[in-house]
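Undergrad: The primary structure of each chain is shown beneath.
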Amino acid sequence: MKRIIFSEIEGRSAGFRGLAVTLGVFFLAGLAAVVYVEHAGHYVTGGSNQVVWGIPDVFAMFLIVAASGVLNVAIISSVFRKTLYRPLERLSCLLALAMLLGGLMILVLDLGRPDRVIVAMLNRNFTSIFAWNFYLYTGFIAIVVVYLWLQMERRMNRFVPAAGMVALLWRLALTTGSGSIYGVLVAREAYGSAIMAPLFIAMSFSFGLAVYNLVLLAACKGSGRDIGDVLLRRLGRLLGIFVAVVLYFTAVQHLTNLYAAEHSGVERFILRDGGIYTLLFWGGQVMVGGLLPLVLVFVSSRRGLRPGGRTVALASVLVITGAFCQLYVLIIGGQAYPLTLFPGMEVSSSFYDGVVASYTPSLPEIGLGLGGVALAGLVVLFGIKLLRFLPTTLENAAIDPHYLGVRRAPGNSE
Amino acid sequence: MNMNRKTENVGVTPGFDSGRRRFLGTLSAAAGVTLAPGVFLYGAGASRPVVARELDVAVSGAARWGMLIDVKRCDSGCNECVSACVEENGLQGHGRPATDAQWIRKVNVRDPDTGLSQSLPVMCQHCAEPPCVDVCPTGASFKRADGIVLVDRHRCIGCRYCMMACPYKARSFVHEELEDQKPHTPRGKGTVEGCTLCVHRIDAGGQPACVEACGKTGGKAMLFGDLKDSGSEISQRVASYATQQIRADLGLDPGVRYQNL
Numbered sequence: 001m002k003r004i005i006f007s008e009i010e011g012r013s014a015g016f017r018g019l020a021v022t023l024g025v026f027f028l029a030g031l032a033a034v035v036y037v038e039h040a041g042h043y044v045t046g047g048s049n050q051v052v053w054g055i056p057d058v059f060a061m062f063l064i065v066a067a068s069g070v071l072n073v074a075i076i077s078s079v080f081r082k083t084l085y086r087p088l089e090r091l092s093c094l095l096a097l098a099m100l101l102g103g104l105m106i107l108v109l110d111l112g113r114p115d116r117v118i119v120a121m122l123n124r125n126f127t128s129i130f131a132w133n134f135y136l137y138t139g140f141i142a143i144v145v146v147y148l149w150l151q152m153e154r155r156m157n158r159f160v161p162a163a164g165m166v167a168l169l170w171r172l173a174l175t176t177g178s179g180s181i182y183g184v185l186v187a188r189e190a191y192g193s194a195i196m197a198p199l200f201i202a203m204s205f206s207f208g209l210a211v212y213n214l215v216l217l218a219a220c221k222g223s224g225r226d227i228g229d230v231l232l233r234r235l236g237r238l239l240g241i242f243v244a245v246v247l248y249f250t251a252v253q254h255l256t257n258l259y260a261a262e263h264s265g266v267e268r269f270i271l272r273d274g275g276i277y278t279l280l281f282w283g284g285q286v287m288v289g290g291l292l293p294l295v296l297v298f299v300s301s302r303r304g305l306r307p308g309g310r311t312v313a314l315a316s317v318l319v320i321t322g323a324f325c326q327l328y329v330l331i332i333g334g335q336a337y338p339l340t341l342f343p344g345m346e347v348s349s350s351f352y353d354g355v356v357a358s359y360t361p362s363l364p365e366i367g368l369g370l371g372g373v374a375l376a377g378l379v380v381l382f383g384i385k386l387l388r389f390l391p392t393t394l395e396n397a398a399i400d401p402h403y404l405g406v407r408r409a410p411g412n413s414e
Numbered sequence: 001m002n003m004n005r006k007t008e009n010v011g012v013t014p015g016f017d018s019g020r021r022r023f024l025g026t027l028s029a030a031a032g033v034t035l036a037p038g039v040f041l042y043g044a045g046a047s048r049p050v051v052a053r054e055l056d057v058a059v060s061g062a063a064r065w066g067m068l069i070d071v072k073r074c075d076s077g078c079n080e081c082v083s084a085c086v087e088e089n090g091l092q093g094h095g096r097p098a099t100d101a102q103w104i105r106k107v108n109v110r111d112p113d114t115g116l117s118q119s120l121p122v123m124c125q126h127c128a129e130p131p132c133v134d135v136c137p138t139g140a141s142f143k144r145a146d147g148i149v150l151v152d153r154h155r156c157i158g159c160r161y162c163m164m165a166c167p168y169k170a171r172s173f174v175h176e177e178l179e180d181q182k183p184h185t186p187r188g189k190g191t192v193e194g195c196t197l198c199v200h201r202i203d204a205g206g207q208p209a210c211v212e213a214c215g216k217t218g219g220k221a222m223l224f225g226d227l228k229d230s231g232s233e234i235s236q237r238v239a240s241y242a243t244q245q246i247r248a249d250l251g252l253d254p255g256v257r258y259q260n261l
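Respectively, the protein sequence lines represent chains A and B. For the record, in the first sequence the residue sitting at position 115 is 115 according to the numbering used here, with numbers rising by one throughout. For the record, in the second sequence the residue sitting at position 194 is 194 according to the numbering used here, with numbers rising by one throughout.
Don't take each hint at face value.
[Said to hold, decoys possible] Simulated restraints, written as ranges between beta carbons of each label pair:
(1) A261(A) x A128(B): 48 to 54 Å
(2) F382(A) x S83(B): 34 to 40 Å
(3) A128(B) x A194(A): 23 to 29 Å
(4) P343(A) x S83(B): 25 to 31 Å
(5) D180(B) x A261(A): 56 to 62 Å
(6) A194(A) x G231(B): 43 to 49 Å
(7) K228(B) x D115(A): 39 to 45 Å
(8) E54(B) x Y135(A): 36 to 42 Å
Bear in mind the hints are in silico, worked out from the structure with no lab data behind them. Ideal Cβ positions, reconstructed from N, Cα and C, are used throughout, including at glycine.
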C-alpha cells in the first residue's frame, strides 16, 4: 500500500463559497429563532405541556447519535485494522466532533433557560442520565481530539490503536446514554425499555455511516478527488448491514411490546392507527430508510451492478430520511400517545388526558434544528479547508493493499 | 452583630406566630368536635393541628404530608379545588389550554365495561420515589424531608425531562411571560412547575388551598394531613379504609391516596 497523502481542499471555488454562505445563513437563522423563542416564550413553538420535546430534539438526537456512529469509520481502521479505512480516519473524527457540537447547540438552545447552562455545569444530580451525558459528551470531545491528534502527528501514530479502543468504548457508552434518556422513562409506554440502548447504538452505526458516505462523496467530488469502486462497494455494503441491524432491533422492540397486553395500545397507535406516525413508521422508517437502501446496495450488486458513487449516495440519503422519520415517530409519537393513569379506563380532562396530543413543528423549531446541522457543516467545511483531513486520492491502487491493478469482473465478490 | 440581631428577630416572630396558630388550631378542632359530634368533617384538618415551621429551622422528616381524596364525594361538575389553586398560586392562563399551566385538574374516569363514571382531582402525587427528581439533571426537582416534591425555580434550566418522566402529567412548563405573580408562589418563564401542596401554607401551619376550598364550598372530599402521625385523621382513615394510589404498580409510593376509586 502506498503512503497516504492528506491535503487541504483549496476552498476558493464558487461551490465552496456558496456552501459556506448557505450554511452561515442557516446557522444565523437558527440563532435568530432562538432569540425569538426565548423572548416570546415557548408557546410560539409547536411544543406544549403534552409534547414537551419537539422537532429540535429530533435534530439534536440525530446529530448526537450519528456523531458517535460516524466515528466507527476511524475505529474500523485503528481497532479492527482494516487498512482500507485508514485514509478515512481523520474525516471520521472531524465529523464526529462537528456533529456532536451541532447536536449540543440545539439541545442547549432549546432549553427553557439556555442562559442557565452554567447552572447545569455547576449542579449535577447523578441519578439523571442527562447529568451523565454531560460527562459522556465532554469526554467524547476530549477523546476524539486526542485520537485525531495521534492520527495526524506521524510520530504518535503507534498510539492510534489504543486511542481507537478508548474511543470505541466511550462512543458505545455515549450512545447507551442517549438511548437511555428514553429507556429510563418507565411511565411512557413508547419508551421505558432496555432495548433503547442497543437500538440507539444500531441507529448510530447506520445514521453515522450514511452521513459519512455523503460527506466523503461530496468533499471528493467538490475537490476533484477520486474514489475507487473497491471502497465504494465496501461503504455501500457496510451501510446495508447496519440498516439491516436497525430493522432487526426495531422488529424486536415492537414484537416484544406487542406481547404485553398493557402496551398493545401504544403499539396499535404507532403501527396501525397513529395517522402521521404510522405513515412515517411504515413509509419513512421501514420502507424509505430500511428496505429501499437494502435493495439498492445488495440487490443491485447481485445483479452485477457495482454500487457506484450515485448508488451509495442515494442509499445514504434514504437512510438519513428514514432516520429522521424514525426519530420523529419515537420522540414525538411517543409523547403524542397519552399517559395511562388508569389502565383499562376511558379518561378525559381539561389537560388532554386520554387524547392523542397534536404537534406541528413550527418554523423557529425547524430553524433551530437546521442551525445545528449548519454549525456541523461549517465546522467540517472549514476543517477540511484549514487542515489535512482528506486523502488526495481514494483510488483502488492507492488504498487497497490487495489491488493488483486489474479490474475485477463485474459481480466477482471480494 | 447586625446579622445576629437579624437571626434573633427571625427566630422570635415565627415562634410567636406558631404558638398562636397552635392555640387557634386546637380551638377550632375542639369547636368542630363540639358542634358536629359523630359527623366526620373532611377537610377540617388533622386531629393534631398542623404546626407552623420556624423559618430558621430545617424541614424535618418527622412528618410526611399527604392527601386523601374520597372519590365518592367528588362531583364531576365541581371545580372548586381547581379554581382555588389557580387563585392561590396566580395560575391565570393566556387562553391557550395546550400551553397554559395546570397544577391540578379534574379527570373524568369511565369504565368502558361497566359504564361507571367517576371524577377526581389529579395533581402532583408527591411520590416517595419521585421519577422527576431522579431524572432532573441539576437537582432543581427535589423532595423535601417532609415528602413535598418541589422545583427550585432558580436551578431549573427548562429541559423538561421531569415532564417526560412524571407518570401523572403533573407538571407544566411556563410557556409565556408572567404577570401579577403571587409573592408566595414565584414562577418563571422557561422553567417547569407543579403543585407545591401549597407549601407556603403548610409552613405557616395551614392546609392546601384546594383542600380548604373543597371543605368550604366543594364536596368535602379532600383530607390533608401527616401520614406519619398515627393520631392524624388521614392516618386513621387510611388505616381503616381501603385506599388506592394512582399507578401503584410503578412503586412510587405517592403521598396522595384515593378512596372509593
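Undergrad: All hints are to be evaluated individually against the structure, with a verdict given for each.
TA: Going down the list of hints, with the structure as the test:
1. A261(A) x A128(B): 48 to 54 Å: Since the Cβ atoms of A261(A) and A128(B) sit about 28 Å apart, the hinted range of 48 to 54 Å is violated.
2. F382(A) x S83(B): 34 to 40 Å: 58 Å, violated
3. A128(B) x A194(A): 23 to 29 Å: Check passed, 24 Å falls within 23 to 29 Å.
4. P343(A) x S83(B): 25 to 31 Å: 30 Å, holds
5. D180(B) x A261(A): 56 to 62 Å: 48 Å, violated
6. A194(A) x G231(B): 43 to 49 Å: 45 Å Cβ-Cβ, so the 43 to 49 Å window holds.
7. K228(B) x D115(A): 39 to 45 Å: Given range 39 to 45 Å: holds, Cβ gap about 40 Å.
8. E54(B) x Y135(A): 36 to 42 Å: Since E54(B) and Y135(A) have Cβ atoms about 40 Å apart, the given range 36 to 42 Å holds.
In summary, the structure is inconsistent with hints 1, 2 and 5 from the numbered list given earlier, while agreeing with the others.
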